[in-house]
Structure formats: structure tokens, C-alpha cells
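Trainee: Mind the numbering: the first sequence is residues 11 to 898 in this note's numbering, read in order.
Check the hints yourself; a few may be wrong.
[What the hints assert, rightly or not] Below, in silico cross-link-like pairs of lysine to any residue (SDA-like), each with a Cα-Cα straight-line distance of 25 Å or less:
1) Lys-314 - Arg-368
2) Lys-654 - Ala-588
3) Lys-466 - Leu-193
4) Lys-574 - Ser-605
5) Lys-137 - Lys-329
6) Lys-882 - Thr-807
7) Lys-314 - Lys-390
8) Lys-71 - Thr-404
[Said to hold, decoys possible] Cβ-Cβ distance ranges computed for the label pairs, FRET-style:
9) Pro-786 - Asp-839: 40 to 46 Å
10) Thr-181 - Asp-60: 18 to 24 Å
11) Asp-647 - Asp-226: 49 to 55 Å
12) Pro-786 - Asn-630: 29 to 35 Å
13) His-311 - Ala-158: 45 to 51 Å
14) Lys-269 - Trp-423: 30 to 36 Å
15) Lys-574 - Ala-197: 51 to 57 Å
16) Val-140 - Ala-589: 45 to 51 Å
These aren't lab readings, by the way, just hints derived from the structure by calculation. None of the values given here were measured: they were computed from a predicted structure. Even glycine gets a Cβ: it sits at the ideal position worked out from N, Cα and C.
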Amino acid sequence: MQQGCRNSQKCDQYISFNDQPSPQMVSSDQLPKNYDFSEVEERWRNTWRDEDNFFDPNSKKPQFVIDTPPPYPTGNFHIGNALNWCYIDFFARYKRMKGFNVMFPQGWDCHGLPTEVKVEELHNITKNDVSREEFRKMCRELTEKNIAAMRITLRKMAFSTDWSNEYITMTPKYYSKTQLSFLRMLASGYIYQSEHPVNYCTRCETAIAFAEVSYDDRETQLNYFDFDGVEIATTRPELLAACVAVAVHPGDDRYHKLKGRTMKVPLFGHDVPVVQDEAVDPAFGSGAVMICTFGDKQDVHWWKQHNLDLRKAIDRQGKMTAIAGKYQGLDTTACRKAILDDMKAQGILHRQEKLAQRVGTCWRCKTPIEILSERQWFVKIKPDEIQKAAHQITWYPEHMLRRMENWVDQMEWDWCISRQRIFATPIPVWFCRKCGEMAVPDEKDLPCDPTLTKPKHPCRKCGSTEFEGEVDVLDTWMDSSISVLNVTGWDGNGNPPYFPAQIRPQGHDIIRTWAFYTILRSVAITGSKPWDQILVNGMVLGEDGFKMSKSRGNIIVPEEILVKYGADALRQWGAMGAATGSDIMFNWNDVVAASRFQTKMWNITKFALIQLEKGGFDKNTEVTALADRWLLVRLSDTIEAVSKAMEEYQFDVALKAIREFAWDVLADNYIELVKGRLYQQDGSRAGACLALHTAFDSLCRMLAPFIPYFAEECYSYLNPGQSVHKQPWVSFTYDDDAARKEGNTLVQVVAEVRKYKHDNNMALNAPLGKVTIYAPHSVNDEGDTGRTINANVHWRTDVAKLDRAITDIEFNRSVVGKTFRKDAQAFMDAVKALSPAELEKPPKTIRINGVETEIPADAFTPKFSYMEEGAKVDVLTVGDVIVTIAKK
RNA sequence: GGGCUCGUGGUCUAGUCGGUUAUGACGUCGCCCUUACACGGCGGAGGUCGCCGGUUCGAAUCCGGCCGGGCCCA
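Work out the full structure: start from the sequences and follow the hints.
Mentor: Okay, here's the thing in C-alpha cells:
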């Protein structure tokens, strides 16, 4: 049996992380009885300095640059943001403790429609009522106000933001980079303009990208009507004016005669060709479809494939155009009704059926999108390039990579980046009024608003100085998809100094947008992947398991939790709720449990302080008692498990392990075992003080990334003037297999004795007589066991010599009574008369009143008593350990 | 319709490259105010691990099918 720490070399590490231990601790009577989170959190918030979190460009430490998500400045930091930021802060703090030069920037993704709508609402105007510049100013002012409000929440949450690396996409400093990236991609051929069908929201009056289209299930009518002698089914009769062909399946015998013909469009009278295409489903409707420009994506396909005419029947406002003849100016719904009415009047509408269909809608306003052909700007999508980079990135959790693969695989059109809005980064381009040639600004003249300025050089083609500035602006994803280039220091001169970033944390809802666009643009501009790793977080669902929404009334805002339970409790909820990447239900229970853990830890802190201030703590103490060694080895196990989990971003696993160690191992078992020894004044305290101090110090460090306020508060009592956030991550290791095994047994023995007392209606502190523990090895417990169970404990390594005797027989009266009726008593007497050997192994039959009678099953059970050295004892067993308790 | 993901006591959840009585939290019931903590401690009750079939000495775990939820996309 090994005594003491058998690995003195590793034990030395304890010393290395604690230069100035206990002498200047705060006195325990200065600790408040209860932990007041609001007082503590505010105090530390006012004490900590922003500079401590700054990325140091001159540092020799390895860099850890985080490409944090720039939230949309709505003014409210919502709980989904909070979860995401919790994850970021956990590993940002962890990496700092591990010796990395961490950059935890804070961006703000300002541009976009929601702010425009809000400004119109607040000022009771529409965007056309004031100048573009005036409108932008209003948007900027609102955004600044919102950012200020959100910064406050970020600080309350104790996020260790690097405020020296804050960026705001609407500032000239930032959007000149957006424009620079535009010019570079224009020059390298990634960006082009073209007239091409695009998704268009007629309410927002702007083009949108596929990533911004969501889908709604609706019910519509399928209308069967006579189309120049052929029955055709359509859900969109209002597009009849835009009909450019009729398509049938080449193998459809019904329509062989149509081959090569042209047909006359009803109501409008123009002639259209009949085309054959495999993609026509002969089973749908009548098997003949009309192709319009454009009813859906399939129409675009056919239109390209068969080189058809372009007939624009719907304009940017969603109104019918001149080619719609008498229907011009109607919106699509009114036009549909009018055309159906006219079809009925002409008797060509055969019948109508209900049809469930999925329509594409604008993800912001839910208006069904139209596909319009417009001159727009596009970014070329090169799927292979993106797939390659995506596969060079480590995905957490790994399966989120599938989302990216699937999205890239089914991209059909290029990314439409032009928007017909105002509050956004201007597209830095002019067109010559005379010849139409494009002109771009010099890079040094960025940022540039072409609607307010003129090019410095005449037209390179015709020499004219008359230019028209591009009024379209850029998709906001053009701003945010260079966040990584911005934070890694890109300025257009070569590769950015800190590129690629180490990690991108983000939600799975924006894999197809932010992650996709960022990879695309990093590859286009630098030729390589933007980050080493990507950590994808889940969505926060309401307590009812549904997505939080106003209509369900299940929204929980972080501020509410901060007021009731504080930032640390909210942060624990974030860590514990679910595995990283899974959706997580909000749950007040978890917040309450988190708060209780802090109460428990607070009491542990008080206990530790009370014991350590009595003196007796010496870091050079040799640890010999089993309980002390057990605590250290369990601590070492915990540190190893927690460190491993942190490296893999498994915060739930990490925090669970910390909590279990603190509550179960340290508080409920270790402290209960050694408190008696600590109350004494002899030298046996020293080992316990060292173990307690080591465990407490390590707990503070491991908790620091999760609950920074609480960890700092606890740590400050034992180490006044020092911040736990400037300490290195715990590296303590302690190797002692015997202590782990024997200590676990010891804990189980104590638990069994407690249960024994409970079963015997004894108080847990009731005294027992002599207790003998027969263990295979000798144990030095320094009297801990005896004091804990309040008994005179003897440890022995020999084999217990116990005599078993049957003291009583318990009869199963329902069996005995039913079987023997009036002979029951005689049966029981006969059983009692059996010899002890017969009782242990009962015969099949027994003689009752002179008759040999069968003994029924389960009729009786013998009760045993044990004798040890002539005295009656009770016996407990824990594995190969036998415990005897002398009966009084 | 396709892809991904999940289905474990009342609720939430751990465990899932097969192996002894399935983890913990909340709730619930009983006992206990023992000089850190009653915002606590100790103990108990409560589960056909979605359903069916297969592989195996052995399946919550592997395979197949089905049912149901969620997300992404047609």
C-alpha cells in the first residue's frame, strides 16, 4: 500500500501555479452569509479593465482569432445571441488561460431592410419622402442608438470582448473594405452584371438571393382551361400574357400531333411554339404546361434550354405591365381574378381543383416572391472551390458540414448581390452616359458613393465626362462575409497578417448564408479557407419546445434572467442546456439549478476560508491520509476530463464534471470525511488543508471561463489583489490509482453505514459501538472514518471470522395459512424444530402430526445473526470489504 | 419526396464503435436544523430506453423496416 504522494515531481506543479498562497487571505467573517449576485457582478464589472482583453499585435503567444458574428443592431440582444456569445466567451477565456493571444472582436452588421422599415415607422415617412442621404442619416442614428443599448447587455453578461477590435459595417472605415473587395472581385471576374431572372420581392422592391427565399405551404387553385384546343392546367393564369411556349413530354402520345406546331394564346392572341421536354410530368394536370417568363424556377430552366422569348408581364411593384393589355396596372391577385372571369365568360375555363403548393416568399416580409428578369450584379459561384475549402475546415459538430455540402450541391444560379434599397454599401461604379462604359474609382478613393460623386477620369472608351452613378446597393451579406478579412487585418495589400482565423462560431440557421458567403469570398480574395474551425450552435427554443416567437408568447429575454438570477446563472444555463450544436430549450429549472450550485460553491468557499485561516496550510506538506490523496486524485481526473471537453467545445460535459467534483466529491464526501480532522488542532490537519486549498484553487480556475464574476469573487478571498482571469489554466496532475480505488471504497463504506443508521431509525450522527472494517490493504485514514460515522473504527487486513447463526424464522403467513389451514401452527412448530443445518438447506418434506407433508415454496425464510469474537454484530459488505458493527 | 437530426421514469437529460442491478437534474415522498450550507444533508418511490423484426451467449447501444418530432432543401 502506497503512502503519500508517489509522484512528487507532478506534485510540484501545484507549487508552480501558486506563488503567494494563503498568508494574506481575507478573514472569513468578512464573507457575507449569502451570495448577492447583483452586488458582486456590478462590483467586478466596474473593476475589470477592457485592456486586459485586447488582442496584442506584438505578442509572442500563439494567436487565437475568433471571427465572431456581427449581430444586427435591433437594440435587443436576444437569447439566441446570448447562447452563441456564451460559447464564444467560454473558449475565449479558456484559450487566454491556456496562453493564447486571443482576439474576441465585436462587430455590428448594420445595413439592411429592417432598419429602413423601422426608420419609416419612427419618422412616419416613406423612404421616398426624403433624400437618400437624409434617409441614410436617420438609419445611422437609429443604429448607433441600438448598438449602445446592446453593448450594455454584452457587458452585463461579462463577455470578455476585445473592444479595441470593434467594427461597425456602416462606418466608412468598414464599408470601404466592402467596396475594395467588390472592386477586386470585379477585376478578377468573380463579379459581373447581367440581365438574368432573379428572385424579387415586390413589397421590398428589391432583388433577393436564393438564401433569402423561404418557403410557405399554401393552398391554391389549379385551373384547367382550353388553350387553342388543348387543355392546360395552371396555377398562375395571370401570367398568360407572359406565356412564351407550351411544353409536353416527348413520349406523351396524346400530344404527338402538336409537334412542330405553334399555338395561339387565349385572351391575348400571340403565337407560341410547342416544345418537348423530359421534365414535363405527363401525370400532372393535363400533361401539357404553359411556360411563362417567369412563374417559377422550372420556367427559367425551360426558357434557357429552349431559347424562348422573354415577355415581362409583372413589374417591380408587382403590377401588370403593358403587354397585359387591358389588365395593365392590376396587381397579380386582381389580374388573376379578372382573367379567370374572362375565361369563364368565353366558356374556356373547364374546371378548377384545389392544390397544395409551396411558394417561395421573402424571408423578411413573407410576401410571395416573383421571378423577374432584371439587370443585376452577381457573384460567380464555383462549387468545387467552396467544397474544397469547406472540407479543409474542422466542423463542430461534424455533421453540420453536410448542410454546407447539400447547399453548395444544389446551387443553380449565381449569387445576386445588388439590391434596390438605400441603407447599404453603395456599389462603387459609374456608367458613361454616352457609351455606357463602366467606370470604377481608384482604390485609394474608397469609400465612394457614386450617386454623390463623379469619377476622376474621363470615360476610357469615349472620353466623355458625363456619368451616371449606380443606384443599386450591395446585399448586406457582402458586408458581413468579409468579417474574417476585416478582423485578420486585410487592407488589400497581400494576405491579411492574422489570416486565417482560428474559429468561426455561428448558428446553423445561417450556414447557407454567412458561412457559405464567407468561404466563397475568402477563397475568391485570398485563395484559402477563412478559418481552421467552425463551431455551430443550435437555436434556442421556448419552454414549450417551439421556436420563440411573438405569436406564441414564449419569448424569454436575457435581461429578465439577468435581473432574477444574474449573468453567471444564465451562462451556466448556456453551458449545460445541451451539447454544442443541438437546439436547446429554454428552461428556468436549469437557471435555478445553476443558482443553487453557486450557493453551494459559496458555502464551500466559506468553509475553505474558515479552515485555511486557522493556519496549518503548507504547500510542501506530504499528503498521506487516504481521504486527502483520494481528493487529489479525483481532482486530477476532473481536470483531465474538463480540459479535454474544453478542447472539443463540449461545455456541457466540462461544466457537469466541475459541478460533480465540487458538489459530490468535495462537499458531500471529502469535507464530510475530514471536517472532524480539520476541527482538531494537531498536525494531521496539514494534509487536509493542502488538499482543500488545491481543490478550491483549481475549481476557481476551471469555473473562471463559465462564471467569471463568481469565480473572481471566490478566488479574491484566498488571493487578495489577484484575478483568477489572469491565472493559467489548471495543470495539476496527481497519479495514485490505489487512492482512487480505496478512497471510492471508503466513501461507499461511509454511505453504507449511513444507510444502516437510516434503516435502523438512528440519527446520522448517532454513536455506534465498535466498527471493524476488513479491507484487503491497510489504510491510513487519520481517524476520518471514525469521526465521520461517530464510531470506534478498527481497520483490519485479516479475514473476518464470523459465525452465522439462525436467530429466527420468518413465515410467509399467506402461503402457510392457505396451505395448512388449521395445521398451520403445527407446521410452524415443526419447522422451528429443524436443526440449523436443515433450516439453511430445507428438506422437501416435513412430518406434521405424524404425516409426511410437502413444504411449499416460499413458506419461510430463516433470519441470521452474526457473531464476531463472541459478540453479536451486524454485517455490511462493500465489494471485497466487510464491515462489522457491534450491536449494543 | 430527398438530406440531416432526434425519440430514455411526471418533465428535461447522460450513456449509443454491444457486456454486470440505465446517469444526473427538477418534481415527488420519508427522515434529519450534526459549529460551510434547510437556497442544505441522507434515504425511498417512479423507466416495456418510440414500435416491430434481425444479428449475438448478450442490444438503450449494431442492422433492417415502421411510427412520431425538429431542422434544411426540393
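Trainee: Check each numbered hint against the structure and report the violated ones by number, ascending.
Mentor: No hint contradicted; all consistent.
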